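Model the full structure from these sequences, guided by the hints.
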Amino acid sequence: MELKHGFYLKSKKEQIWIQVRIGFIALLILLLVFLICWGMGFFLPLILGIPIILSVVAPFFDVPALKKSGDLVYYSPLFLAEKAKKEKITIHGGTLFDYVFVIDRSLNGRERRNLIMEQYLEGLVHLIDHLQKDNPENLTIRGTSYILNKRTAKKIGFQVVQTDFLQKVILIYNYFNLVCANSLAKGKLTFPKLGEIQTFEARLYNLMERRDFINSLNLKLKQRQMV
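Taking our numbering, the leading residue of the sequence shown gets 841, the next gets one more, and so forth.
Where hints are given, some of them may not hold.
[To be verified] As a list, the in silico BS3-like pairs of lysine-lysine whose alpha-carbon atoms are at most 25 Å apart:
1. K850 - K908
2. K973 - K990
3. K1028 - K990
4. K908 - K844
[Said to hold, decoys possible] Label-pair restraints from in silico Cβ distances:
5. Q1002 - K923: 22 to 32 Å
6. R945 - R991: 27 to 37 Å
7. D911 - E1049: 35 to 45 Å
8. Y848 - K1008: 29 to 39 Å
9. I890 - L1006: 40 to 50 Å
10. K844 - L867: 23 to 33 Å
11. Y1015 - Q1063: 27 to 37 Å
12. M1048 - I890: 41 to 51 Å
It is worth saying that the hints were derived from the structure and are not from the lab.
Keep in mind the model is a prediction, meaning the values are calculated, not measured.
We put the CB at the ideal spot given by N, CA and C, even for glycine.
What follows is the structure in structure tokens.
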């Protein structure tokens, strides 16, 4: 059965109402923190709280907006890719926003991880099929993930590369977002180790060569999901 994205199945009015509620709850939390800090005369919790709250709620607004503008494309409900820039495409294995609206809460931790990996591979196959039509084979595909391990990445055509400084800063800023996403992915509260988050890179021709193998892995995981 084809997996659907719960947010995009809703009407435009329902989508806006969801975002309004999320924004209201975020503002309410910040207001409560502000009042507590005001009473204590100590504002460090508010200074720390603002970026934490923003990093958690931002995907619920940014991702739908970027999808609408065409700057972000879904190749499966849990696999996205940015528009190509300077012969490089950045891929994402689903965001906190996607996890909230796609992952069935009745699944256990192992089933959730299998689902995420299956959707990652399915999206990668669709991306390869799309790109090989009219893109140079030396196009670079790059992504950062805590789901994809080094061994699997090499099997499907990726190489581990050093995470650049800017990406490390972004990861630190989004740490609490990662905590929420990782906890949803594993079905329990989990604090990811930033040092274990890997950056992978491949040329399109590498992925084209491994396309059938990637698809076979995807089908195996899909069958496992149906059992």
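Quick rundown of the hints versus the structure:
For the given pair, K850 sits about 15 Å from K908 by alpha-carbon distance, which is consistent with the 25 Å threshold. The straight-line distance between the Cα atoms of K973 and K990 is roughly 28 Å, outside the 25 Å bound, and the hint therefore fails. Simply put, K1028 and K990 have alpha-carbon atoms about 23 Å apart, close enough for the 25 Å limit, and the pair holds. Of the supplied pair hints, the one linking K908 and K844 holds, its CA atoms being roughly 17 Å apart against a limit of 25 Å.
Here the CB-CB span from Q1002 to K923 is close to 24 Å, well matched to the stated 22 to 32 Å. Distance hint check for R945 and R991: the Cβ-Cβ separation is about 29 Å, which falls inside the suggested range of 27 to 37 Å. A hinted range of 35 to 45 Å is violated for the C-beta pair D911 and E1049, which are about 29 Å apart. Checked against the hint of 29 to 39 Å, the C-beta distance between Y848 and K1008 comes to roughly 32 Å, which is consistent with it.
Hint check: I890 to L1006, Cβ distance near 21 Å, so the stated range 40 to 50 Å is violated. In this structure, K844 and L867 meet the distance hint of 23 to 33 Å, their C-beta atoms being roughly 30 Å apart. Taken as a hint, the range 27 to 37 Å holds for the pair Y1015 and Q1063, whose Cβ atoms sit roughly 35 Å apart. A C-beta distance of roughly 44 Å is found between M1048 and I890, which places it inside the suggested range of 41 to 51 Å.
The structure shown violates the earlier hints numbered 2, 7, 9.
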